[in-house]
Amino acid sequence: MAKLHGMAKRDARSTAIAATIFLFPAVALLIVYMVYPIIDTFMISRLKWNGFYTAEKINVGWENWITLINDQLFWNAFLHNVILMVCSILIQIPLGMALATFLDAGGRKFNLFKILWFLPYLMSSVAVGFLFYYLLATNGGLISGIATLFAGKRTMVDLLGKSPHALYAVIGVVAWQYTPFYMVYFIAGYSNIDTSLYEAAVIDGANRRQYIFKVAIPLLGPIFKTACTMSLIGSLKYFDLIWNMTQGGPTGGTELMATYMYKMSFQKFNMGYGSAVAGGMFILITVIALLFQKVFVVKEDY
Amino acid sequence: MDTVRKNRKFSGAGAAMLLLFTVITAVTLLPFICIFLASFRPGNEIMSYGLGLNLDFSRMNLDNYHMLFFGENQNYFLYFFNSLKYTFLQTVLTLFFSSFVAYGFAMYDFRGKTLLFGLVLLMMTTAVEILMLPLFLEMQKIGLYGSMWAVILPQLTAPLPVFFFRQYLIGLPKDYLDAARVDGCTEYGIFFRIILPLMQPSFAAMGIFVGMNSWNSFVLPVLLLSQENRTLSVFLETLLSPYKNYYDILIVGAVFSVIPIVILFALFQRHFIAGMTAGGIKG
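Top to bottom, those sequences are chains S and W. Numbering-wise, the first sequence is residues 1 to 302 according to my numbering. Numbering-wise, the second sequence is residues 1 to 283 according to my numbering.
Hints were generated in silico from the structure; no laboratory data involved. Each residue gets a CB set at the ideal place from its N, CA and C atoms; glycine is no exception. Take these hints with a grain of salt, some might be off.
What the hints assert, rightly or not - With a straight-line cut-off of 25 Å between C-alpha atoms, the simulated BS3-like cross-links for lysine-lysine are:
| no. | chain 1 | residue 1 | chain 2 | residue 2 |
| --- | --- | --- | --- | --- |
| 1 | W | K174 | S | K263 |
| 2 | W | K141 | S | K57 |
| 3 | S | K225 | W | K174 |
| 4 | S | K57 | S | K263 |
| 5 | S | K48 | W | K141 |
| 6 | W | K113 | S | K294 |
| 7 | S | K294 | S | K225 |
| 8 | S | K268 | W | K141 |
| 9 | W | K85 | W | K174 |
Said to hold, decoys possible - Sample of chain S residues at the chain W side, in silico, Cβ under 8 Å:
| no. | residue |
| --- | --- |
| 10 | L29 |
| 11 | I83 |
| 12 | V86 |
| 13 | P120 |
| 14 | L131 |
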């Protein structure tokens, strides 16, 4: 490294100080609200404790972790998360992309649809959960009403009451809520594509369909991968809609890792085991996300 | 000839498109229409009959709305105001701190930068859902439990805004900075006087995004806020209790809770999409 002159040295130092100051909030928040809680999770996971400060904390070593590894309920919840993840990626992203393709082809005259189709994403999960719980009600809910209309006789469709359907009904509701997010994401992706590429394709004799499949979609590749990553992480840590809609029921049929953890910690007040569940969740999500990055995202551009 | 082709196109593909658009719009809007219709019906009916499209005008009235505005349960607007206050504080502070940090990542080179940025992205993975319990304990320990700051502070630098702003800043020509440095502007002066004004389009996009998420935020508020600081979504959740019949307020309350955010989005949707584009959401 070349010797720096006085002036340049001072400049380099002031730049280093500035960089430190700009990054300080991120590092401080990271330590206080991320690193410390994660370490704390693993510490508490070795205790038997009901969460009250006056109560005794008993060190039980790896007992909670051994229970976790053998806990069929936890692995069921994990399986539900994986099903939710696969379905979310297969439904929401292609659908969001298709909607974005329609809206992009229509241009400005479809602006109204852009707003209307985005509405589900604007609603809070509490409201969505409550809304769909009663839309899916067996006695006079919308779905049963439509079924009655088609069947010609009084039909009750019980989507949330029985085990395999309940999970898929919930997945449908999640898709209803989140597809608009990916739609906007892909709309932005489409408008990022230089219009000269479209013109060039048209001059070369391509029609709209050929342009979309041969030019636009390959260019959307990186956006597609980011969308998949977001959907993957989102589905693995999903909590609020399920909590407000089914609380994991019927009898664990829609239980997810996060709802299971919440029940263990804040309803059964078994903080040690709740933390072990959270720790297990952290490990599983990190591993799956890293594997996904390794397999699908070959080159990072940062 | 051109017009003939256009007409034929309309009759075939156009009709199919029209049908498709109608179906998509119906799927999107029907739940909203159902809840809007239900808001004019007695609250306990929804419990026994569910939400449907039954239009029985003889049973429809404005009682629920009357109850919300003039009834004994006046708390709704306290929580509405709490939500406004929380959303405003969270959005402004998150935008500021996220852009501050993103500037550090975009403009300076140093050892371990990629690692640190990777850690910031890890925040996206290890979100509040996993850290519920330790955050709950930590906030009690440091005495913030119950106050709005307990919810605001952990989310000051949100991963998506940091990521997005950094992408946006990398796209800006660095000549601006060198010119400013030559003119004797300090590093902080550059950020406050040059960069912040240049970032306006991306602020609009992320402002809507953060604002929407804060308005609807549920996990941290339900966990950390005391009763008088509750936000609207937490309040609505408490109404879901099966032991008491609050459904009349719940329905109208849910309808009203969507209105501010729909207005915000309708007003700024152009900026939202334009800003997402400008941020170069390459990922």
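Hint by hint, work out which the structure violates, then give me just those numbers in ascending order.
-> 1, 3, 9, 11, 12
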